[in-house]
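Construct the entire structure; sequences and hints are all you get.
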Amino acid sequence: MNTVPLNRVPQSSPFNMADFYKTGHPGMYPDETTTLVANFTPRSAKHAPVTSSPLFDDKVVWFGVTGFIKEFLIETFNREFFEQPKETAVRRYKRRMDTALGMNRVRMSHLEALHDLGYLPLEIRSLPEGSRVNIKVPPVVFINTDARFPWVSTYFETLFSCESWKPATTATIAFEFRKLLTYFARMTGSPEGFVPWQGHDFSMRGMSGVHDAARSGAGHLLSFTGTDTIPAIDYLEEYYGADSEKELVGGSVPATEHSVMTLRILLIAQRLAANPANAGVSEKQLRAMAEQEVIRELVTEIIPSGVVSIVSDSFDFWNVITRIAPALKSDILGRAPDENGFAKVVFRPDSGDPVKILTGYLITDVASVSHKRAVDNAYMAGQEAIRTPDGQVYAFVQNCDEPGYSLQRISEAEARGAVECLWETFGGVTTETGYRLLDQHVGLIYGDSITLKRAIAILSRLADKGFASANVVFGIGSYTYQVVSRDTFGFAMKAIYAEVGGESVAIFKDPATDDGTKKSAKGLLRVEHEGTNFVLYEEQTRSEFEGGALVAVFRDGNLLVDEPLSAIRDRLMDSWQCPAPGSVKF
Numbered sequence: 087m088n089t090v091p092l093n094r095v096p097q098s099s100p101f102n103m104a105d106f107y108k109t110g111h112p113g114m115y116p117d118e119t120t121t122l123v124a125n126f127t128p129r130s131a132k133h134a135p136v137t138s139s140p141l142f143d144d145k146v147v148w149f150g151v152t153g154f155i156k157e158f159l160i161e162t163f164n165r166e167f168f169e170q171p172k173e174t175a176v177r178r179y180k181r182r183m184d185t186a187l188g189m190n191r192v193r194m195s196h197l198e199a200l201h202d203l204g205y206l207p208l209e210i211r212s213l214p215e216g217s218r219v220n221i222k223v224p225p226v227v228f229i230n231t232d233a234r235f236p237w238v239s240t241y242f243e244t245l246f247s248c249e250s251w252k253p254a255t256t257a258t259i260a261f262e263f264r265k266l267l268t269y270f271a272r273m274t275g276s277p278e279g280f281v282p283w284q285g286h287d288f289s290m291r292g293m294s295g296v297h298d299a300a301r302s303g304a305g306h307l308l309s310f311t312g313t314d315t316i317p318a319i320d321y322l323e324e325y326y327g328a329d330s331e332k333e334l335v336g337g338s339v340p341a342t343e344h345s346v347m348t349l350r351i352l353l354i355a356q357r358l359a360a361n362p363a364n365a366g367v368s369e370k371q372l373r374a375m376a377e378q379e380v381i382r383e384l385v386t387e388i389i390p391s392g393v394v395s396i397v398s399d400s401f402d403f404w405n406v407i408t409r410i411a412p413a414l415k416s417d418i419l420g421r422a423p424d425e426n427g428f429a430k431v432v433f434r435p436d437s438g439d440p441v442k443i444l445t446g447y448l449i450t451d452v453a454s455v456s457h458k459r460a461v462d463n464a465y466m467a468g469q470e471a472i473r474t475p476d477g478q479v480y481a482f483v484q485n486c487d488e489p490g491y492s493l494q495r496i497s498e499a500e501a502r503g504a505v506e507c508l509w510e511t512f513g514g515v516t517t518e519t520g521y522r523l524l525d526q527h528v529g530l531i532y533g534d535s536i537t538l539k540r541a542i543a544i545l546s547r548l549a550d551k552g553f554a555s556a557n558v559v560f561g562i563g564s565y566t567y568q569v570v571s572r573d574t575f576g577f578a579m580k581a582i583y584a585e586v587g588g589e590s591v592a593i594f595k596d597p598a599t600d601d602g603t604k605k606s607a608k609g610l611l612r613v614e615h616e617g618t619n620f621v622l623y624e625e626q627t628r629s630e631f632e633g634g635a636l637v638a639v640f641r642d643g644n645l646l647v648d649e650p651l652s653a654i655r656d657r658l659m660d661s662w663q664c665p666a667p668g669s670v671k672f
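Just so it is clear: in the sequence shown, position 185 is 271 by the numbering used here, and no numbers are missing.
If you are wondering where the hints come from, they were derived from the structure by calculation, not from laboratory data. All of these numbers come straight from a predicted model, not from anything done at the bench.
DSBU-like mimics (lysine-lysine), calculated; alpha carbons at most 35 Å apart, straight line:
#	residue 1	residue 2
1	LYS539	LYS415
2	LYS156	LYS580
3	LYS458	LYS551
4	LYS580	LYS604
This is the structure we're talking about:
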C-alpha cells in the first residue's frame, strides 16, 4: 500500500503561481525602492476577431477583476499563506525554488517579512467592471502600500494576466455579438427581448479546463442569458453576487445530441428492417422512416411542451427539413406552451457551411451550363451557384489543385437554405419593418464554428432575402471563445513609476524594433471618462494620480468594491447606442 510520509512538504504556495523569472525580481529592484506602480493594458486589437464588424469601436469590455481578487488575493492567499504557520508557508516556496533554481538562489527574507505583516500590502485601482475601455487605456493599476514591499506591485503579473485576459476577451467578443444582434433585430423588426437568448454559449467542452470555462462563460453572460456552461452561473453566484432564484443569470433548453439521435434512429431502423413488410426498403429509407418516428416521439411524448432543440444532421439534414418537418407539421403546431408561453421545436444543423445551410446560395440564372462565358462570369462575380432554365441548380466548387472551379448539382432545398424551407412549410408573420419571421413553433440554431464574421454574413443574407434576424440562434463555441490568446487584445502588465531613495522615476518602454504596439504608458497615470471614451493622461503628479476614473477596489487584503452582476450588466448595456437601422454597411 502506498503511503504519504507525514513529514512530506506540501507543494502548494500562492507564490508558485508565477513564471520562474518573477521569483528573482524582488531582489533585482534597487534596494532603496519604496514605491512601484504597474498597469495592465489592452494594447492592440490587430489580432482580434471582432475587427470584421463595422460596429466594433476599438473598445474592450473590462471584466474579471472582482472574481480574481476574491478567489486568489483573498481566499487563496489567506488559506495557503497567511493562515499557515510561517515556517510551513515559506518552506513551500523555498522547496520549489531550491529544487528548480538551485539551493538558496532565491531569498526568503521578503516572504518571511510579508508573513509577519499578515496581509498583502497592495492596492488595486480599477475601472468599474462592465466598462468598455479604449485600446491603449489601462483599466487597472497596482501600487504597493508599504515601502518595504514594492515588489508586490509586479510579482503577481503572471497570475493576474493568465486569469484576467480571458474573461475580458470573451466579454468583448460576446458584446460584439450582442451589438450585431441588436442592430439586426431593430432593422428587421425582430423582438429585442429575444436577443439575450440569441447568442448561446456552446464553448465549455473546448475550453482549457473547468475554471477557464467558468470565467470565460461568465464573460459571455454579461451580454447574454443563453448558456450551456453551467459552471459560469455558479461562478457568478460565488463571486459576483448573482442569485438565480431572484434573477435570470443564465439558462438553456432541453436538447438532443448525436448519441441520443443516432441510437434511437438506428435502433428503430434495425427493428423496421426485421419486419418482413419492409423487405426491399433501402437502408437509407429505413433510417429516414426511423428518424421521423424519433422526432415525433421527442416533440409529442418526451418533451411535449416548451422548447426542444433537435440535432438534425445525423444522416440527412435536408430530409429532416423538407420531408420530416412537413410530415410532423400538425404535431409541431399542436405542442402545448410551457409556463413561459414557449412551444418551439428548434432544428440544429451541425455540419457544413453555416452561411449556406441557413441562408442558401447566391444564384445567377444562365441559359445552360454549356454557355461557359456566362458561367465563368457568374463565378468571377462571386455567385455561389447557377440555375438553368429547367430549374436545376449547380454550385461552384473551387478546385484545390489548380485555379478554377467545378460544378456540383445541389437540391432546391440547399439552394434556398433552411430558413426559407421552414417558411415554405410553417409560414409565419411579417414584422413591422417588413421582414418574414417564422411561426413561433419552429426555429433554427447553428453552433458549429460560428464566428462574428459568419454571423454577419448570415444575418446580412437573411435580411437581403427578406427574413428577420430572430429566425436563427447562434451557438458560440470554443472556435470563437478559445481560439484566442492574450495577444488578441495585446493585454500586458508593465511597471510605469517608481520611487527610489526619494527620487521619482517615470518608467516606460518603447522598443525601436516594434511597431508601437508595445510602447507603454509613462509615469503616474490618470484615466478620465470623457463622453463615451476613457482617456489616458500620462506623467501625472501624485495628486493627479489620486483622481480620475480608476477607483481603489482592493487594499491591504480587503475588497473595497463589490458590485453585483446586475449592475455590471446594466453598465455594459448603457455603454453603447445602437445606430439607426440601415445606417451601417456590412
